[in-house]
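Number of protein chains: 2
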Amino acid sequence: MAKPVAPRGSARERVLQAALALFMEHSVGGTSMQMIADLLGVSKPAVYYQFRSRDEIVIALVQPMFDDIVRVIKIAQSMPTPQGQRDVTVSGVVELAVRYRRLTFLFYDRAVEYAVRAREDFMASHEDVAAILHGPEPDAATRIITTTMLAGTFTAAADPELTDIDDEELHEILLATARRVMEPLS
Amino acid sequence: MAKPVAPRGSARERVLQAALALFMEHSVGGTSMQMIADLLGVSKPAVYYQFRSRDEIVIALVQPMFDDIVRVIKIAQSMPTPQGQRDVTVSGVVELAVRYRRLTFLFYDRAVEYAVRAREDFMASHEDVAAILHGPEPDAATRIITTTMLAGTFTAAADPELTDIDDEELHEILLATARRVMEPLS
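Residue numbers (the working numbering), protein chains in the order written: chain A, 1 to 186; chain B, 187 to 372.
In case anyone wonders, no lab produced these hints; they're calculated from the structure.
One or more of the hints may lead you astray.
Selected chain B positions facing chain A (in silico; Cβ < 7 Å) [to be verified]: (1) Pro-322; (2) Pro-324; (3) Thr-334.
On the chain B side, residues computed to face chain A include the following (Cβ under 10 Å) [said to hold, decoys possible]: (4) Arg-238; (5) Glu-242; (6) Glu-358.
What follows is a set of in silico ranges between Cβ atoms, one per label pair, in the way DEER data are often shown [stated by the list, open to error]: (7) B:Glu-369 to A:Gly-84: 21 to 31 Å; (8) A:Gly-135 to B:Glu-369: 23 to 33 Å; (9) A:Asp-139 to B:Tyr-300: 37 to 47 Å; (10) A:Pro-138 to B:Gly-227: 40 to 50 Å; (11) A:Asp-38 to B:Arg-238: 25 to 35 Å; (12) A:Gln-77 to B:Arg-257: 42 to 52 Å; (13) A:Ala-176 to B:Gln-269: 15 to 25 Å; (14) A:Pro-80 to B:Glu-299: 41 to 51 Å; (15) B:Glu-369 to A:Met-24: 31 to 41 Å; (16) B:Arg-238 to A:Pro-136: 32 to 42 Å; (17) B:Glu-281 to A:Asp-38: 45 to 55 Å; (18) A:Asp-166 to B:Glu-355: 30 to 40 Å; (19) B:Ser-196 to A:Arg-12: 50 to 60 Å; (20) A:Arg-179 to B:Ala-316: 21 to 31 Å.
No residue lacks a Cβ here, since even glycine has one placed at the ideal position from N, Cα and C.
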């Protein structure tokens, strides 16, 4: 690999970071493997040596988050009561939204949606989260507040206008808000 | 205009509806003027006769919603107290999110974001809404819950998995949830 501009980390990690920066600026659909190579100052084959396709880069970027979601689901499912399972899931979701706040903008990209939907294990964890939060035969209110909580939490955590707020404060406020959203409507 | 497949409405309205259907399936970036012409069974010049560009179609689709946002802001600003202004804005936002629930998926499209950001009046109404909901010198909590409420409300209203819930029920539950989110954190 010739003339790397980012000397730290593995070649694979440098491709991921360059791709993420380009995805943020140009969207996934607007980013080519050539643009990633250009940003790193390497040849296009050098990028393809690390990843066979742009979709493979997208998957590699979101994989750690899905691995963590699976862990949260396992912890939640070990709780003895439905309420305990929901509480763990809400806390886990907020923790993930904050930890991956610089990454989750990806999920609002149609190209990422397609890449993620093609992965059965990713879709299964999405369904597991919904199943825990919904409970059996959820009514309309439960489905609406669950969607509001998930979308509101992840969007607020990723919002570029809130980057001046540090992770700890963001976490505290999002958790309090998410819990309030999830209280049953009286 | 030859062989229109959608006989009802004006030619302009038919272009808008065809474009919206294609945007939903292929994203804005993945939709060409030729694809719009093909879906309508007309020539590409016939589409260009109605709209000079794809961005102009995007703007025409979201314009009615921004006109309504401006109306909500005017009503809100006429209220005597900051709390009254916030209440009207939250109610107005929920009403808009439900009324335009088949349209708002557009805002999660990078191409739409660029077209909207280029319009100063659209950006001004976004800032007016934020200013009313935030109040002067908002703290981190106020900014986070405002973003959570807006994103959660619009995303839930637009969610394809919630289309079986009718507008009235969706409105009632979203309004109760939005109000709860906006209560000051104790």
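Okay, the hints, checked on the actual structure:
1. Pro-322: violated (17 Å)
2. Pro-324: violated (11 Å)
3. Thr-334: Hint on Thr-334 of chain B: holds, closest Cβ of chain A at ~4 Å, below 7 Å.
4. Arg-238: With Cβ-Cβ at 22 Å, over 10 Å, it is violated.
5. Glu-242: violated (20 Å)
6. Glu-358: The hint holds - Glu-358 of chain B has a Cβ within 10 Å of chain A, the shortest such distance being about 9 Å.
7. B:Glu-369 to A:Gly-84: 21 to 31 Å: Holds - the Cβ-Cβ distance for Glu-369 of chain B and Gly-84 of chain A, about 25 Å, lies within 21 to 31 Å.
8. A:Gly-135 to B:Glu-369: 23 to 33 Å: Holds, at about 25 Å.
9. A:Asp-139 to B:Tyr-300: 37 to 47 Å: Holds: the Cβ-Cβ distance is about 39 Å, inside 37 to 47 Å.
10. A:Pro-138 to B:Gly-227: 40 to 50 Å: holds (43 Å)
11. A:Asp-38 to B:Arg-238: 25 to 35 Å: holds (33 Å)
12. A:Gln-77 to B:Arg-257: 42 to 52 Å: Cβ of Gln-77 of chain A to Cβ of Arg-257 of chain B: about 48 Å, so the range 42 to 52 Å holds.
13. A:Ala-176 to B:Gln-269: 15 to 25 Å: holds (21 Å)
14. A:Pro-80 to B:Glu-299: 41 to 51 Å: Since Pro-80 of chain A and Glu-299 of chain B have Cβ atoms about 45 Å apart, the given range 41 to 51 Å holds.
15. B:Glu-369 to A:Met-24: 31 to 41 Å: holds (33 Å)
16. B:Arg-238 to A:Pro-136: 32 to 42 Å: violated (53 Å)
17. B:Glu-281 to A:Asp-38: 45 to 55 Å: holds (47 Å)
18. A:Asp-166 to B:Glu-355: 30 to 40 Å: holds (39 Å)
19. B:Ser-196 to A:Arg-12: 50 to 60 Å: holds (54 Å)
20. A:Arg-179 to B:Ala-316: 21 to 31 Å: The hint (21 to 31 Å, Cβ to Cβ) holds, given that Arg-179 of chain A and Ala-316 of chain B are roughly 24 Å apart.
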